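Which chain is which? The protein sequence lines are Z and W, in order. Under my numbering, think of the first position of the first sequence as 1, with each following residue one higher. Under my numbering, think of the first position of the second sequence as 206, with each following residue one higher.
Keep in mind the hints are simulated off the structure, nothing from the lab. A couple of the hints might just be wrong.
With a cut-off of at most 30 Å between alpha-carbon atoms, the simulated DSS-like pairs for lysine-lysine come out as follows [as the list claims (entries may be wrong)]:
1. Z:K19 - W:K404
2. Z:K195 - W:K360
3. Z:K195 - W:K224
4. Z:K132 - W:K403
5. W:K403 - Z:K155
6. Z:K112 - W:K404
7. Z:K155 - W:K394
8. W:K403 - Z:K19
9. Z:K19 - Z:K59
10. W:K229 - Z:K198
11. Z:K195 - Z:K5
12. Z:K198 - W:K337
13. Z:K189 - W:K360
All values reported here derive from a predicted model rather than from experimental measurement.
Number of protein chains: 2
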Amino acid sequence: MIEEKGILFILSGPSGVGKGTVRKELFDQATELKYSISMTTRNSRPGETDGVDYFFKSKEEFEELIHQNELLEYAKYVNNYYGTPRTYVEQTLAAGYDVFLEIEVQGALQVKENFPEGVFIFLFPPSLEELKNRIVSRGTESSDLVLNRLKEARKEIEMMDAYDYVVVNDKVEHAVSKVQSIIQSEHLKRERVAKQYKKLLEDEL
Amino acid sequence: MIEEKGILFILSGPSGVGKGTVRKELFDQATELKYSISMTTRNSRPGETDGVDYFFKSKEEFEELIHQNELLEYAKYVNNYYGTPRTYVEQTLAAGYDVFLEIEVQGALQVKENFPEGVFIFLFPPSLEELKNRIVSRGTESSDLVLNRLKEARKEIEMMDAYDYVVVNDKVEHAVSKVQSIIQSEHLKRERVAKQYKKLLEDEL
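Make the full structure from the sequences, and use the hints.
In C-alpha cells form, the structure reads like this:
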C-alpha cells in the first residue's frame, strides 16, 4: 500500500436523481468504503445506536459544534439539526479509509467550502423528462410540488460547476461502475502518490 | 453520447517497466481505443502497410514536418526518424475516438509540451529490484549496461512530476484495470462535459 490517507468522496445531485440507490448498490460492492455517519439532535429510535446510525447530540452540543466549525455541513429540518461531523471524517481518512457522503446539493456546496480537497461527483438525470417521472412516481407529491421540485432541480444542475465529475444515472449499474472508476483513478493521481513513490525509491538506494 | 471529442492518453515509464505488455493487454480488451500510428523514415518491411503500421516518409518530408511543428514528438535512431504525427492524432480525436500512445519518458515529455491536454500515465515498477530483474531477464545486456539502464530509470522516475497519474505495474491485469479506470473517469470530468450537459438541459426547456 503506497498511500496512507483516504479520500472523501461526495455523491450529490438533484432530488429524484437516484443518489440513494446508487450509494446503496455501491456499498453492496465496495465494502472497504466507509459511509459518513451523520450527527443529529433528533431522538434516537428503537434499534438505533449512537456512533453507528447517527451521532446523537443535544441541541446545545450541536450548536457549540457549529460554532467551532466542527461540521462540514449542516441543516435544520423541523426543529432538528442534521450534519456531517468533521472529526469523524478526518479520523476515518487518517486511518486510511475512503469516506463516502451522499448528500443534497446545498449540503455538498457547504462541504466544498469546508473540505475542498474532497472529490465531488454530480449525479445527472438521463433527462429532465425522466427526472420528472421519477419525482412523480414517488406518488407523494401534488403537480404543483412536482413543478417546484423540477424548477429546483434545474437550479441545482446549474451548480454542477462546483463538482469534479459528472455521472449520468441512466442505469444504476453503469453509474456505480463509473463511480468506482472515479474512486480508483483518484487514488492514482500523481499529486497524491508521487511523494510516496519517490520515498520508496530513496529507501531502495 | 454526451461527449464528442476523444482524449489522448499517454502511457510511459522507464524502460523495462512493461509498457508494451500493458498496452497489448489493454488493446485486447478495449477495442474502441485507437493506437497512435507512428511516422518513420525507415523503409517499410514486407507486410507493412503505409497508414496502418507506420506512416512512411522520406527524410526530407519528415524534416519538413518537424519544421512545421507537425510532430508531437520525434527522435532519431540509427539514422532514421521516428515520431508521432499531430494531424493523425487530432483527426482521430475529432472523430470522437480516444488515442493511446505508448512511449519512452523523453518522448512523453515532448508530447506534454506540444499537447498538454493529453492525460499522462506513468507506469511504475513494483521495485527497483524487480526492474533490474526485468532488464536482466531480457538477456541481451551486459552488467554495465544493466547498471546504466537502472541509473537512467531512476532519472526517469524523477520526471514523474510531469504526469497526471501513476500506476504501479505489479501485475499486468491490475495495471490494465487501473488504466481503464483512468480512461473512464477522465471522460467523466466536469470540465470536459459540463457544457454539453447544460446544453442538453437547455434543449429540453
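For each hint, the structure was consulted:
1. Z:K19 - W:K404: Holds, at about 22 Å.
2. Z:K195 - W:K360: holds (15 Å)
3. Z:K195 - W:K224: holds (22 Å)
4. Z:K132 - W:K403: holds (17 Å)
5. W:K403 - Z:K155: Answer holds: K403 (chain W) to K155 (chain Z) is near 11 Å, not above 30 Å.
6. Z:K112 - W:K404: holds (25 Å)
7. Z:K155 - W:K394: holds (20 Å)
8. W:K403 - Z:K19: holds (20 Å)
9. Z:K19 - Z:K59: holds (28 Å)
10. W:K229 - Z:K198: It holds: about 27 Å lies between the C-alpha atoms, which stays within 30 Å.
11. Z:K195 - Z:K5: Since the Cα atoms of K195 (chain Z) and K5 (chain Z) sit roughly 13 Å apart, the hinted pair holds (cutoff 30 Å).
12. Z:K198 - W:K337: holds (17 Å)
13. Z:K189 - W:K360: Holds. K189 (chain Z) to K360 (chain W) sits at ~20 Å (cutoff 30 Å).
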